[in-house]
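Novice: So the protein sequences, as listed, match chains A and B. Everything in the first sequence is counted per this note's numbering, starting at 1 for the first residue and increasing by one. Everything in the second sequence is counted per this note's numbering, starting at 1 for the first residue and increasing by one.
Hints listed in this document are in silico derivations from the structure and should not be mistaken for laboratory results. Hints should not be assumed to be uniformly reliable.
One copy or any two copies: either way a pair holds, since identical chains are not told apart in the list.
SDA-like cross-link-like pairs, simulated, lysine to any residue; straight-line CA separation at most 20 angstroms [to be verified]:
#	residue 1	residue 2
1	Lys175	Leu327
2	Lys172	Arg211
3	Lys172	Ala22
4	Lys398	Leu320
5	Lys172	Glu240
6	Lys398	Met354
7	Lys298	Arg270
Computed from a predicted model, the values in this text were never measured in an experiment.
Protein chains: 2
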Amino acid sequence: MSNETPRGNNFDHWLDSYAARANTLSVSEVRALFAVVSRPEVVSLAGGMPFVSALPKELMEASFDSMMTERGNYALQYGGGQGDLRLRDQIREVMALEGIHASVEDIVITTGSQQGLDLLGGLFLDAGDVVLAESPSYVGALGIFRHYEAHVEHLHTDHEGLDPDALEASIKQLKAEGRRIKFLYLVPNFGNPSGVTLTEERRHRIVEICRREHILILEDNPYGLLYFGEKPPVAMRSYEEDCVIYLGSFSKILAPGLRVGYVLAPPAIRDKLVLANESALLSPSTFTQMLISEYLAKSDWQGQIDTFRGIYRERRDAALDAMAEYLPHLHTTRPDGGFYLWVTLPEGIDSKAMLPLAVTELVAYTPGTAFYANGGGKSNLRISFCYPTPDNINLGIKRLATVINRQAELLDTFGAR
Amino acid sequence: MSNETPRGNNFDHWLDSYAARANTLSVSEVRALFAVVSRPEVVSLAGGMPFVSALPKELMEASFDSMMTERGNYALQYGGGQGDLRLRDQIREVMALEGIHASVEDIVITTGSQQGLDLLGGLFLDAGDVVLAESPSYVGALGIFRHYEAHVEHLHTDHEGLDPDALEASIKQLKAEGRRIKFLYLVPNFGNPSGVTLTEERRHRIVEICRREHILILEDNPYGLLYFGEKPPVAMRSYEEDCVIYLGSFSKILAPGLRVGYVLAPPAIRDKLVLANESALLSPSTFTQMLISEYLAKSDWQGQIDTFRGIYRERRDAALDAMAEYLPHLHTTRPDGGFYLWVTLPEGIDSKAMLPLAVTELVAYTPGTAFYANGGGKSNLRISFCYPTPDNINLGIKRLATVINRQAELLDTFGAR
Chain A
1 MSNETPRGNN FDHWLDSYAA RANTLSVSEV RALFAVVSRP EVVSLAGGMP
51 FVSALPKELM EASFDSMMTE RGNYALQYGG GQGDLRLRDQ IREVMALEGI
101 HASVEDIVIT TGSQQGLDLL GGLFLDAGDV VLAESPSYVG ALGIFRHYEA
151 HVEHLHTDHE GLDPDALEAS IKQLKAEGRR IKFLYLVPNF GNPSGVTLTE
201 ERRHRIVEIC RREHILILED NPYGLLYFGE KPPVAMRSYE EDCVIYLGSF
251 SKILAPGLRV GYVLAPPAIR DKLVLANESA LLSPSTFTQM LISEYLAKSD
301 WQGQIDTFRG IYRERRDAAL DAMAEYLPHL HTTRPDGGFY LWVTLPEGID
351 SKAMLPLAVT ELVAYTPGTA FYANGGGKSN LRISFCYPTP DNINLGIKRL
401 ATVINRQAEL LDTFGAR
Chain B
1 MSNETPRGNN FDHWLDSYAA RANTLSVSEV RALFAVVSRP EVVSLAGGMP
51 FVSALPKELM EASFDSMMTE RGNYALQYGG GQGDLRLRDQ IREVMALEGI
101 HASVEDIVIT TGSQQGLDLL GGLFLDAGDV VLAESPSYVG ALGIFRHYEA
151 HVEHLHTDHE GLDPDALEAS IKQLKAEGRR IKFLYLVPNF GNPSGVTLTE
201 ERRHRIVEIC RREHILILED NPYGLLYFGE KPPVAMRSYE EDCVIYLGSF
251 SKILAPGLRV GYVLAPPAIR DKLVLANESA LLSPSTFTQM LISEYLAKSD
301 WQGQIDTFRG IYRERRDAAL DAMAEYLPHL HTTRPDGGFY LWVTLPEGID
351 SKAMLPLAVT ELVAYTPGTA FYANGGGKSN LRISFCYPTP DNINLGIKRL
401 ATVINRQAEL LDTFGAR
């Protein structure tokens, strides 16, 4: 890092040159704080980092060795915009675990499923279009919808997931107002940030409504195979092909550093996705695709997912136990898979305002407002149990209880309610 | 590939749902033909694939081993939107070879430099904005500008590169018409597809004009270190910081399958690029970044670039020799580096119409129209000498001569001129 050219100031000589959409990019209000969170003494319940240490390095090494031996030059070269054919065929097997039967022709490999969302946003969203979403909804998707200047309408969501009645009512009202609704965006399994899973009965009703109303469902499913029960939920895409675009990822069942996700879409949309992918980055990384392909071909990848499931279930238990022990009066969701708890604070406590106090107590979380496009979530926070050890989860929630209880006392005493 | 669900037809139920920008995506007219080109008996002078076979696999293996040992968990995890700090510092050394002094703070890692162009297009281009470009210009950049609904104005370009007088005249006229000019887009070194290098004198004049007229220069430089002379050309970014955005890539000096490129931008623009990168794909692949970082730290990467230079120089010579032998009457550029020759056909021959005939003769090239946004380039074609062996280059150009001479005879006989 030596010998750097001194930096100029940040005055922007090009302010008059940006496109309108550049104004949609904003620095996260909590970003500065998260730099502090990386200090080792802070228990971070904030990030969504999978616990990659549980992936035996020998598995990656074996995959790399056979890849370089068998397809080294191919892995180092440019590939096609749709992604590698063998990997797409293997992805069919991954998706089959959740009841999906698909053609390799309809799968497009993306640079993480975030990029799949970005491509879909680019293909479908004109400024002012409406995206329907859960309450709360995934922060990365909200950022993309904002970037394409779409309006996000959050719909009523409870412990059974998105409410179909609210969906129907909202569509009716928006259509009456002449709005163009493009997507219903959902994380139906072990949602981020809610931890909630959409019931099967509601899945069917929602698909029926969207089919009738001609609205595309984006079924975003990074966590579905990280279930804590007996079997994974059945994907909506398994019983509806034409109005569901399904997004999957290797980030949570293998490793996010590889940046490989995939989109399964109806043929005409898939064709456009391939073109958009080529325009955006020529082709996804052949190298990381091949590494994953060798891994799926030669390792016990389902056994590895079982390992991950065991780890995350233990951490979920640690988180719920700690909530019951230290914050028994607070409402929290009880996820059957995935990475997250969604906690509702006592009335009057602002989770974003409380965050600096929490960091002072050496614990971090994500304030609920990150998961709403409309300012909602003030009295909520997301706890991630994916990365810290069970002991640290307990310690972190204990510290969090100290902060919350102190805030509640202050409110009782000085009566801000 | 067995057991596939039968595919539906491609009738698009969602035609009324796409965004306006989705119409900018179109299938390349020559794409179908290129599927044929992958047959081994066809000599392809069409693609831009680097000759990755010349990269010793031991180098990649050593980089992988030390990466997994020293930073395995880090490589598998999510990273930051700006890219890894150590790699950015190493990129400073790479850029220093072309005279650039930069701060690590001003470098943003992208998923290939194509993605850097896409992020910049998204940040700056509103529909109807103007991008100034060389004649001919890189097809991938033209696709991005079209995707953001910008108008590309091709400027007069000769064997010394873009003509500064044409630049001044065009700016004057466009401003008089009230148009917003956002970028001057250039591949100044061994251009794709022209093979032409911008002279130093013109670089200075162009920078001066753009500074005065407040127009950003996108200096796209994937080939600069693949020079065939004594030293690489000096980058424009080396003598102008505020109005030059520099794009670099590891695709040609290492391997495109890793999809790692970088953008060096003024601080305010760099801040926005980081946010756009995060929105588009959370973070570039930590895994491929770390692999490159280990490679740069522990291998003789400059020696490896010398190896590549030797190979490509030999192939350039083979291509020019074959042109002199079989097509002595045609004008071709004489590149001092890079991958490409730009050939001008006898008047009246349409290079796109001729392509199927060439493929029948078992040789392929890229028609010139791919490199113009305005229908130009009909009587030009690009020959890539990067991938085939010298013997195959000779054979390919010999076959090409057969096709061209036959076309010329037909024209002479039937007088289509």
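Novice: Enumerate the violated hints, using their earlier numbering and listing them in ascending order.
Specialist: Hints 1, 3, 5 and 7 contradicted; others consistent.
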